[in-house]
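Numbering-wise (UniProt numbering), the sequence shown opens with residue 1 and increments by one.
Hints should not be assumed to be uniformly reliable.
As the list claims (entries may be wrong) - Computed Cβ-Cβ distance ranges for the label pairs, DEER-style:
1) Arg96 <-> Glu11: 14 to 22 Å
2) Ser126 <-> Arg100: 19 to 27 Å
3) Pro20 <-> Ala95: 28 to 36 Å
It is worth saying that the hints were derived from the structure and are not from the lab.
The beta-carbon is built from N, C-alpha and C at its ideal position, and this holds for glycine as well.
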Amino acid sequence: MSRPVLLSIIELGGYPNFAPLYQRLGCEVIVEGTMRKALAAARKRQPRVIVAEFNFQSDFRDRTSSLESLLAVVQRLPDTRVIVFYEQEYAHQLARLQARFPIFRTLAFPIDEAELEAAVSAALASD
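Work out the full structure, taking the sequences as your base and the hints as a guide.
Below, the structure is given as structure tokens:
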């Protein structure tokens, strides 16, 4: 039986490498550093879980962040759950995004490893 795929998208980073945690939970981990590569990986591998950052970009005319492009693709992947890391100061912008796209869980920085583990475990267990 194959391991579930977890796609970790680290555009800005600045937090610990959680790949060992994801592997401990039984996931095959794919790490991408750009949304363009992450979109290709999501389409090709159809991950069970995606962990991504919400990086609010006020200079986008029609979107709040590149995360919107990913969430549009994920809508066509019904078995994929998305966990989003965000800065508390942008919670209101993230809420606008959540009103349009399903997000499984959100975790504010600094990321608590136990909360992340619980979120990934729940995503893996959900139908």
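Outcome of the hint check:
Checked against the given bound of 14 to 22 Å, the beta carbons of Arg96 and Glu11, roughly 19 Å apart, stay inside it. Here the CB-CB span from Ser126 to Arg100 is close to 21 Å, well matched to the stated 19 to 27 Å. Hint check: Pro20 to Ala95, Cβ distance near 31 Å, so the stated range 28 to 36 Å holds.
The earlier numbered hints are all upheld by this structure, with none contradicted.
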